[in-house]
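> One letter stands for each residue in the lines below.
Protein chains: 2
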Amino acid sequence: MVNLVNLGSVALDTVKTPFGEVKETIGGSGVYFSLGASFFTKPGLISVVGRDFPKTCLNLLEKKGVCLKGVRFSEKKTLRWHAYYEYDMNEAHTVKLEAEIFEDFGLDIPEDYRDAKYVFLGNIDPEIQIEMLERMKNPKFSVLDSMNYWIEKKRSKVLKAIGMVDMLLLNEAEIRELFKTPNFVSAAKKALSKGPKFVLVKKGEHGAVLFSDGVYFFTPGYPLETVKDPTGAGDSFAGGFLGWVAKTDNISEVNLRKAVVYGSVIASYNAEDFSINKLKKLNETDIKRRYQEFKKLVYF
Amino acid sequence: MVNLVNLGSVALDTVKTPFGEVKETIGGSGVYFSLGASFFTKPGLISVVGRDFPKTCLNLLEKKGVCLKGVRFSEKKTLRWHAYYEYDMNEAHTVKLEAEIFEDFGLDIPEDYRDAKYVFLGNIDPEIQIEMLERMKNPKFSVLDSMNYWIEKKRSKVLKAIGMVDMLLLNEAEIRELFKTPNFVSAAKKALSKGPKFVLVKKGEHGAVLFSDGVYFFTPGYPLETVKDPTGAGDSFAGGFLGWVAKTDNISEVNLRKAVVYGSVIASYNAEDFSINKLKKLNETDIKRRYQEFKKLVYF
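Going line by line, the protein sequences match chains G and X.
The numbers in this note's numbering rise by one with no breaks, and the one at position 14 of the first sequence is 18.
The numbers in this note's numbering rise by one with no breaks, and the one at position 102 of the second sequence is 106.
If we strip away everything but chain G, and leave its shape as in the complex, we get (with noise of 0.2 Å):
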């Protein structure tokens, strides 16, 4: 049974950072998601893939764990990004983005995806999320992620979504644009006037901050020496935040502390190489390692 769905895409990344570069690999939020996921329970993602995908990926997913039941094969191309990193890290450069492929997309959830009880909702149309968000039966915790050209285009609508789910995600910039105010705490303030219990703001390397009524709670990003990619850490991080809380089904303030921690460790380790290199290799062992590491680092 699949518990957790998560809507995302799948892509062939070419990207070059100061440490190297990778042509045509697997990428897509959705893929990172879904990993990012897998070290907890069995994600069920919602996409769409070109023919020209390699099967060896497909493969890949489904020997993680990964349903595939939700993606569709189309006769365009599959999603292509090319994409640069300078030394600071931060932010991608786009050269080029191959989206044909999307004009091509439909909502197809499977039947047995429908029952789930946790939703991730990845950066896509937000009224793609919200026709997602009302053909499920009946969601215990959900989750919407956005992104600054959604926020740009459909202000409205993106509003409308966040009124629908138990916790927004965004990184801070995006949070900060969608409320209007060069203050993150205040914008999350305000992303929780609109109805979410919970809003996790994501800082990139400087970490991520949860919010609720009354309650902060803040992980710092792992100190990597080496950060070979950034590409894929947000999703690979709301992946392990998701999974953890899909496999504890405990959505507890004190639960969901803990699943901001898993997910920054899946991040972290993502950094570590291209694409999803280190993810493919992780075991249960690195990811209990990384989370003791992450109690130490912050104790006082």
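It is worth saying that the hints were derived from the structure and are not from the lab.
Just so you know, not all the hints are guaranteed correct.
Any copy, or any two copies together, can satisfy a pair, since identical chains are not distinguished.
As the list claims (entries may be wrong) - The calculated lysine-lysine pairs, modelled on DSSO-like cross-linking and capped at a C-alpha distance of 30 Å, are:
# : residue 1 : residue 2
1 : Lys198    : Lys299
2 : Lys285    : Lys193
3 : Lys282    : Lys46
4 : Lys198    : Lys300
Just so it is clear, the structure is predicted and the values come from calculations on it, not from any experiment.
Start from chain G and add chain X according to the hints.
For chain X alone, kept in the frame of chain G given last:
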């Protein structure tokens, strides 16, 4: 007896931020450091001011328990700094710096300062920092601050001074510049290899990280909704840090972790109002309360 001595400036600041402005108000690294430390111990300041510096300001510092025996009066004008901040308040833009008083700076260490166990070498010419260290009798724990100006002009002297102290305190951009690496974790490790047992990296609103052999300790910035003026954040942080260390007379790693949090508490309060307006009203209860909030902020 003065147990903690610091070398720093006393200035008249004119500062504008998106939230207001102040003109010719009390400022300077030595003032912020001393006030931050004054909540925990009686710090001794080494500095120089002009005769134009308001008596009321000196009286205020003395009332807060700051020893001014090491402050020399000069016939030149007090240091004046004129700056503004934009919405991203991590960076101060200097409009004008009137620093002729430093032509008149001679290192005058009162005899009873020379026994102090704790020494803070504020950001100044590294040759003066070295001279001061040589003239202290036998400090138990010395901390060195610096800045990009000295790193660029006198790198080898800065490195020499670093080799003489117990802890290096720099902000993230500075330590990356000093050790010519984009990664602050690598930079901190390189700094440790130069001699200091501890390296403390300030990350502005993103907090601070303490490094020692095999040790990382991270404290986030306190999530403030109101940041009126970040001037003095780094110096009041250092003052709170070293004030706590001097008060407890304990330089174990466990105690330094607590000191980093106390420094963060002081710095977060400092940013809530212009100049020293918040610090001068702060009491022990405020400090204890926010220290506990820091525990809740990171606990999982």
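> So, for every hint listed, does it hold in this structure?
Now the hints, each set against the structure:
For a Cα distance limit of 30 Å, the shortest separation of Lys198 from Lys299 across copies, 28 Å, qualifies, whereas the shortest one inside one copy, 33 Å, does not. Taking the shortest Cα distances, Lys285 and Lys193 sit within 30 Å of each other only across copies (27 Å), while inside one copy they are farther apart (39 Å). In the homo-oligomer, the alpha carbons of Lys282 and Lys46 lie at most 30 Å apart inside one protomer (19 Å), although the nearest pairing across protomers, at 52 Å, exceeds that limit. For a Cα distance limit of 30 Å, the shortest separation of Lys198 from Lys300 across copies, 25 Å, qualifies, whereas the shortest one inside one copy, 36 Å, does not.
Comparing the model with each earlier hint shows no violations; every hint is respected.
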